[in-house]
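So the protein lines, in turn, are chains A and B. If you use my numbering, the first sequence corresponds to residues 597 to 1108, in order. If you use my numbering, the second sequence corresponds to residues 597 to 1108, in order.
Don't read these hints as lab results, they were simulated from the structure. Remember, it's a predicted structure, so these values are computed and weren't measured experimentally. The reader is advised that the hints may include incorrect statements.
One copy or two, either will do: identical chains are not told apart, so a pair holds if it fits within one copy or between any two.
To be verified - Restricting the straight-line Cα-Cα distance to at most 27 Å, the calculated cross-link-like pairs of lysine-lysine (DSSO-like) are:
#1 Lys691 <-> Lys965
#2 Lys676 <-> Lys703
#3 Lys951 <-> Lys870
#4 Lys703 <-> Lys765
#5 Lys633 <-> Lys765
#6 Lys629 <-> Lys661
#7 Lys951 <-> Lys652
#8 Lys967 <-> Lys691
#9 Lys765 <-> Lys1028
#10 Lys732 <-> Lys629
#11 Lys633 <-> Lys993
#12 Lys967 <-> Lys831
#13 Lys703 <-> Lys853
#14 Lys691 <-> Lys676
#15 Lys765 <-> Lys1057
#16 Lys965 <-> Lys633
#17 Lys728 <-> Lys857
#18 Lys646 <-> Lys732
#19 Lys646 <-> Lys993
#20 Lys993 <-> Lys765
#21 Lys853 <-> Lys960
#22 Lys652 <-> Lys870
Protein chains: 2
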Amino acid sequence: MLAHESTINDYDHYSKVELFFNPNSIAVVGASKHINKAGNVIFSNFAENKRRGIFKGEIYPINLKDESILGHRCYPSLRKVPGNIEAIVIVVPSKSVSDVLRDAGTKGVSVAIVISAGFGEVGNDQLENEVKNIAKEFGIRILGPNCLGVFDSYTGVDTLFLPETKVLKTGDVMVATPRPMQGNIAMVSQSGAFGAASLDYLTGRQIGISKFVSFGNKVDVSEAEILHYLNHDDKTRAILLYIESITHGRTFMDVAKDVTKSKPIVVLKSGRTKAGARAAESHTGSISGASAVYDAAFSQIGVIRSDNMSEFFNIGKGLAFQPPAQGRNVAIITDAGGPGVMASDACELRGIDVKLFSDETINKFEKLKEKGILPNFVQNRNPVDLTGSATSEMFEKAMSIVVADNEVNGIIVIGLHHVPAIQEDFVDRIGKVAAGTIKPIVACDIGETEMAFYVRSRFEKFGIPAYPAPEDTVQAMAALVSYGEYLQKANCFDSYLDSFLTRSVNKIDIQK
Amino acid sequence: MLAHESTINDYDHYSKVELFFNPNSIAVVGASKHINKAGNVIFSNFAENKRRGIFKGEIYPINLKDESILGHRCYPSLRKVPGNIEAIVIVVPSKSVSDVLRDAGTKGVSVAIVISAGFGEVGNDQLENEVKNIAKEFGIRILGPNCLGVFDSYTGVDTLFLPETKVLKTGDVMVATPRPMQGNIAMVSQSGAFGAASLDYLTGRQIGISKFVSFGNKVDVSEAEILHYLNHDDKTRAILLYIESITHGRTFMDVAKDVTKSKPIVVLKSGRTKAGARAAESHTGSISGASAVYDAAFSQIGVIRSDNMSEFFNIGKGLAFQPPAQGRNVAIITDAGGPGVMASDACELRGIDVKLFSDETINKFEKLKEKGILPNFVQNRNPVDLTGSATSEMFEKAMSIVVADNEVNGIIVIGLHHVPAIQEDFVDRIGKVAAGTIKPIVACDIGETEMAFYVRSRFEKFGIPAYPAPEDTVQAMAALVSYGEYLQKANCFDSYLDSFLTRSVNKIDIQK
Chain A
597 MLAHESTIND
607 YDHYSKVELF
617 FNPNSIAVVG
627 ASKHINKAGN
637 VIFSNFAENK
647 RRGIFKGEIY
657 PINLKDESIL
667 GHRCYPSLRK
677 VPGNIEAIVI
687 VVPSKSVSDV
697 LRDAGTKGVS
707 VAIVISAGFG
717 EVGNDQLENE
727 VKNIAKEFGI
737 RILGPNCLGV
747 FDSYTGVDTL
757 FLPETKVLKT
767 GDVMVATPRP
777 MQGNIAMVSQ
787 SGAFGAASLD
797 YLTGRQIGIS
807 KFVSFGNKVD
817 VSEAEILHYL
827 NHDDKTRAIL
837 LYIESITHGR
847 TFMDVAKDVT
857 KSKPIVVLKS
867 GRTKAGARAA
877 ESHTGSISGA
887 SAVYDAAFSQ
897 IGVIRSDNMS
907 EFFNIGKGLA
917 FQPPAQGRNV
927 AIITDAGGPG
937 VMASDACELR
947 GIDVKLFSDE
957 TINKFEKLKE
967 KGILPNFVQN
977 RNPVDLTGSA
987 TSEMFEKAMS
997 IVVADNEVNG
1007 IIVIGLHHVP
1017 AIQEDFVDRI
1027 GKVAAGTIKP
1037 IVACDIGETE
1047 MAFYVRSRFE
1057 KFGIPAYPAP
1067 EDTVQAMAAL
1077 VSYGEYLQKA
1087 NCFDSYLDSF
1097 LTRSVNKIDI
1107 QK
Chain B
597 MLAHESTIND
607 YDHYSKVELF
617 FNPNSIAVVG
627 ASKHINKAGN
637 VIFSNFAENK
647 RRGIFKGEIY
657 PINLKDESIL
667 GHRCYPSLRK
677 VPGNIEAIVI
687 VVPSKSVSDV
697 LRDAGTKGVS
707 VAIVISAGFG
717 EVGNDQLENE
727 VKNIAKEFGI
737 RILGPNCLGV
747 FDSYTGVDTL
757 FLPETKVLKT
767 GDVMVATPRP
777 MQGNIAMVSQ
787 SGAFGAASLD
797 YLTGRQIGIS
807 KFVSFGNKVD
817 VSEAEILHYL
827 NHDDKTRAIL
837 LYIESITHGR
847 TFMDVAKDVT
857 KSKPIVVLKS
867 GRTKAGARAA
877 ESHTGSISGA
887 SAVYDAAFSQ
897 IGVIRSDNMS
907 EFFNIGKGLA
917 FQPPAQGRNV
927 AIITDAGGPG
937 VMASDACELR
947 GIDVKLFSDE
957 TINKFEKLKE
967 KGILPNFVQN
977 RNPVDLTGSA
987 TSEMFEKAMS
997 IVVADNEVNG
1007 IIVIGLHHVP
1017 AIQEDFVDRI
1027 GKVAAGTIKP
1037 IVACDIGETE
1047 MAFYVRSRFE
1057 KFGIPAYPAP
1067 EDTVQAMAAL
1077 VSYGEYLQKA
1087 NCFDSYLDSF
1097 LTRSVNKIDI
1107 QK
């Protein structure tokens, strides 16, 4: 271990990380009255969330010239604030950050989120080191600099200087950087811009989050410490991590290995190629390291690596919603032959089996055909192709048979709503059967208009993640399979499953 | 050549394929008054499109019991219709199809779209052969059976039995299978269900189409003949083909090779794996053939193969909107470092170069920095990272420099709208520079809420295809690069470009 590396134990001993997400009092240094200024947006977030009763702590705007901001008394410096201050957000020019931190130290501030840019990322290493040393001297924990900081959907902490809406040249107001609803995915990003964009994506796709962290230049708090903290966070079930470089690789490995026993970590590690690595170096000054090395390390500690942005989110949703699979063999049930073929292809390309059903299972289908409950032309060898004649009842029957098959470890449902006899209740019937199994189930409906949105959202009400393309659906299932394999190898499948099922009892909670 | 194969020349001599898309008169055999019946939906489509002045031909409902349907006089058989009938849609039970076709033959009908299922796809080969023979005997061209038939956004032909809306159990009406707006992409699908879903996708993503064809069991008209027809269709600029098996491989190769000289063909060929092939065999009775054989064949004749559904549509839009690239080296301009790195990775993984700019180009950027027009911390070696300080003007300047660089063959613009100083006019400024170059340009903005939709749609108003993820954007550019290489090898790059530029003059047309 290198001398400057901290360890997991260090985190346990003197971590103040909780205060970044849930402080009893917070000051915004550089708060401003002037619209569009970062210091205005950030202080407004707090003032608004306090007004609505979401943020429950004390808030203090700090700047030299104003008497008050948004009805809150403004102070010229941290030292002038009468009460205690646990956390501060710093949004002043980079050259003034050190002075603010010294003030904060004197005042006894525990944690500082340094939004200000102009440090190592533009070659200003001296200033960055100064910040690091002052923080160490006063024992202040620092997130940043050069970051967006934190958004916590439950406590109302929101240090993002990007307002939810933007005013266009026409004067029209448009939703630009919305905050997602409450949920159970934590999103952690080295890139601020990608972080902001991910909030926009997650909001639009109605995927709730617990916490968002953009950690920037990480002079102090690193991705490892954030992961460690999230492991103990009740609201977080799955962690999404966008990263270009990893600081303190050994500590990261130790922490991540510990976390993945109880919570899945999905990583989007960019800078994988020469071109990407050069871009990453320009961007965050990161030396990306060889892709193969990362692949090997991640797989060893159960971190799930995604190849691209949509896979990143697809997998994250899958792992947050569904239990892992206990084997590699899946069943596909579809009312649309073509997408069933596409899903079969995608499974095999990812090393997932779509084996012929056992005689016992095939016989169950054949009996339903004899009784006239299923049409004769339904295919039931795996995939089950209910064809365009599918009804909601047929989906339910097929699900029940397949769920009972011990050789089937997971189920991919492709329910295209376009098929004539399908009405919205087919989702409810599938959801009912799904509630009685611990096998992972993922769903697909293709389309980008009203009923497709409705069907996918309805699936998710039942805790079944739903996707707009067969291949997206298979990405989620593949992650559930490989994570299940990892947990088995690490001898913690059962403990993970127990805790997953406990926290999933109230499925509607996932949707809140 | 096998004895039963037709050739390109045959198609030229006696093709009646045009009549499937633009008949002067059409009869719907099996038209019905009863809501939700396929024969009701199809006849209603024609009645409604005629009422609105979109479909301009004569329409005749045919059934034994009704006097009239939707105000149109109904006839008990084709022979009783007083006027001439060029085309018919058959939507009666499979066992009656032969009789209808004999009637049609006597009446002198030229083409028949057989919607009815219950033929080869359920093992009823004898019935399918009978249909084939009657058609040959009377010289009737047949699309189907077991298909959705045709939707033509310009002529108003719409034989889809899936209504645009569905009534839910609650009584609510929801958009379920919408028809896309007019545009320049032809969508051809062997799978009816995937075809219907693709219409839903294309509508929601606001991608206009010229024609939609679902050809089902293809007893007569094959994918090759449809491609040949589309090659001569002015409204079609790019062809999307979903297929599980190819009939008459040699003819397909000849036709496709001819088409790709003037119009790109993007194929999604499923049944690539053993699991997929087994599913395909159950679905369409297709023997899929080895994937490597298809890959080799497609690449030889310039057909672009896509790996999955989203790539299929991403590439299709890219090729319909932008000219092909004249080389493999691209520039990336971004206001978001992370997504710039992601795009760089995706480029290299697809064999696209993101080379360091020439000294000349770098110097141009450095001069702008000296003048204070660009901040000093902007990265300008490729990618160009304008950072979160990006303005609309900075995007325009960077675009102008990069477009002028002879070593750059294409440009990927990543313009995240979340960045503070970016307003909607940055798209207009990029569009203005783009109008002056024949290099392909593709764009990305990440997000699934209001402003992201607006920005992507605004890019497309300028003829620049825009995507919701960096990797999607690179998929489109990769296709523009590889198609450009094919056209150069086939000595038809210049002729393709000429015709592309001519038809692209009125770019707003693409958006109509």
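Okay, the hints, checked on the actual structure:
{"no.": "1", "hint": "Lys691 <-> Lys965", "verdict": "between (77 Å within a copy, 22 Å between copies)"}
{"no.": "2", "hint": "Lys676 <-> Lys703", "verdict": "within (9 Å within a copy, 97 Å between copies)"}
{"no.": "3", "hint": "Lys951 <-> Lys870", "verdict": "between (39 Å within a copy, 10 Å between copies)"}
{"no.": "4", "hint": "Lys703 <-> Lys765", "verdict": "neither (43 Å within a copy, 63 Å between copies)"}
{"no.": "5", "hint": "Lys633 <-> Lys765", "verdict": "within (17 Å within a copy, 51 Å between copies)"}
{"no.": "6", "hint": "Lys629 <-> Lys661", "verdict": "within (10 Å within a copy, 77 Å between copies)"}
{"no.": "7", "hint": "Lys951 <-> Lys652", "verdict": "neither (54 Å within a copy, 52 Å between copies)"}
{"no.": "8", "hint": "Lys967 <-> Lys691", "verdict": "between (80 Å within a copy, 24 Å between copies)"}
{"no.": "9", "hint": "Lys765 <-> Lys1028", "verdict": "between (50 Å within a copy, 18 Å between copies)"}
{"no.": "10", "hint": "Lys732 <-> Lys629", "verdict": "neither (32 Å within a copy, 81 Å between copies)"}
{"no.": "11", "hint": "Lys633 <-> Lys993", "verdict": "between (59 Å within a copy, 25 Å between copies)"}
{"no.": "12", "hint": "Lys967 <-> Lys831", "verdict": "neither (48 Å within a copy, 50 Å between copies)"}
{"no.": "13", "hint": "Lys703 <-> Lys853", "verdict": "neither (38 Å within a copy, 76 Å between copies)"}
{"no.": "14", "hint": "Lys691 <-> Lys676", "verdict": "within (21 Å within a copy, 91 Å between copies)"}
{"no.": "15", "hint": "Lys765 <-> Lys1057", "verdict": "between (39 Å within a copy, 18 Å between copies)"}
{"no.": "16", "hint": "Lys965 <-> Lys633", "verdict": "between (68 Å within a copy, 24 Å between copies)"}
{"no.": "17", "hint": "Lys728 <-> Lys857", "verdict": "neither (32 Å within a copy, 61 Å between copies)"}
{"no.": "18", "hint": "Lys646 <-> Lys732", "verdict": "neither (31 Å within a copy, 78 Å between copies)"}
{"no.": "19", "hint": "Lys646 <-> Lys993", "verdict": "neither (51 Å within a copy, 43 Å between copies)"}
{"no.": "20", "hint": "Lys993 <-> Lys765", "verdict": "between (56 Å within a copy, 20 Å between copies)"}
{"no.": "21", "hint": "Lys853 <-> Lys960", "verdict": "neither (43 Å within a copy, 48 Å between copies)"}
{"no.": "22", "hint": "Lys652 <-> Lys870", "verdict": "neither (47 Å within a copy, 58 Å between copies)"}
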